[in-house]
Structures are given as structure tokens and as C-alpha cells.
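*Asks:* The whole structure should be built from the sequences, with the hints applied where relevant.
All the letters of the sequence shown, read from the start, carry residue numbers 390 to 569 under the working numbering.
What follows is a set of in silico ranges between Cβ atoms, one per label pair, in the way DEER data are often shown:
| hint | residue 1 | residue 2 | range |
| --- | --- | --- | --- |
| 1 | 550 | 448 | 34 to 42 Å |
| 2 | 400 | 440 | 30 to 38 Å |
| 3 | 554 | 404 | 43 to 51 Å |
| 4 | 515 | 449 | 19 to 27 Å |
| 5 | 499 | 560 | 56 to 64 Å |
| 6 | 515 | 461 | 24 to 32 Å |
| 7 | 473 | 541 | 19 to 27 Å |
| 8 | 402 | 558 | 41 to 49 Å |
| 9 | 555 | 426 | 55 to 63 Å |
| 10 | 449 | 402 | 14 to 22 Å |
| 11 | 488 | 530 | 24 to 32 Å |
| 12 | 547 | 496 | 41 to 49 Å |
| 13 | 505 | 402 | 19 to 27 Å |
Hints in this document: simulated from the structure, not taken from any laboratory.
Note that CB positions come from ideal geometry on N, CA and C, so glycine has one too.
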Amino acid sequence: MSAANHWPDHSADLAKMKILIIDDEPVNVALLEEILVEAGYSRFESVLDSRLALQVYKTFQPDLVLLDLMMPPPDGFAILESLSSQSEENFLPVVVLTADTNEKTKRRALEAGATDFLLKPFDHVEVALRIRNLLNSRRAHLLLDNQRAALEDAVRERTSELRATIAELQKSNELLSQNG
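*Replies:* See the structure below:
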């Protein structure tokens, strides 16, 4: 494979990223945790009680959320809408977990802010690949945010320097005109 077609391997960076699982079925949670461990992820939290989901989200601050739709209130749709409205992040991937292949369900989840879908029963390889791809996207967004912030700081600093230089030049001009 040529160097131009090779994607850099950021698996060590991705393994450090945090994943939140929200699902009321212990069997699903155990399976997802197993898939995460097999794929090299160790920083994950799981929530079985949907009423605790937003609290855990706030304290854990995940890079990716795996969210079951069909749970006792609040259901996955309500949590998804809350995550979308609360998230200060510009890109927080949320993967919806569902056995429902109904188009209306898909559209509703996408409208509420879902990034991707995983259908139950889970395919281990597909789950690991989707998580990797979305974490790569999340990582890129975070890097861009950091670069943007650094550039904004540099512009602010340079603007301040230019203002100081302009003030000095104006002062020099005033002195020259007074002495001239």
C-alpha cells in the first residue's frame, strides 16, 4: 500500500478516549464492554438506569456515547435530545443501539442528534469498526478545536502587539510635530 493511501494509526490515542454505554439490558452492556476490551478500550462507563445517564455523562465527559433507544423513561430519545441540548462540544458522536429497523425510528433518532446506528444483535467487528471510525472523527474535531483556540490566542496577542506599536508610532509622530 502506498504512503498516500495509508491512514495514520492513532489506536493508542483512541484507546485513551472515553466511551459511555447507556442500556438497561445487562446482557447488552456486558457484550459491549467485552467488545470494547477486545478492541483495546479501557476507559468506559456503563449506565443501566436511564435516570442516571445525564448525571454520569456530565461527570464522565465521554468522547462517544452508545445509547439504547428502548428503555424505561427517560428513553433513549429523551436522553439523546438532552445530550444534544447540553453538549458544549461541537461534535459528540452518539451511536444509537436498537433492534428497531423502522424508518420512522431512524429519522427520529437522527433528528434528535444521533450520529450512527448499531442494530441488535451486535456484530462484534462492525461495533469495533464504527467505534474506531467515530473516535477518529472525534479526535480530529478536538485537534481542530485546539488549533483554532491556539490561532485565536496568537491573533489576540499579535493584535495587542500591533496596537502597542501603533500607539508608540502615534506618540512619536506627536513629538516630531511638536518639535518640528
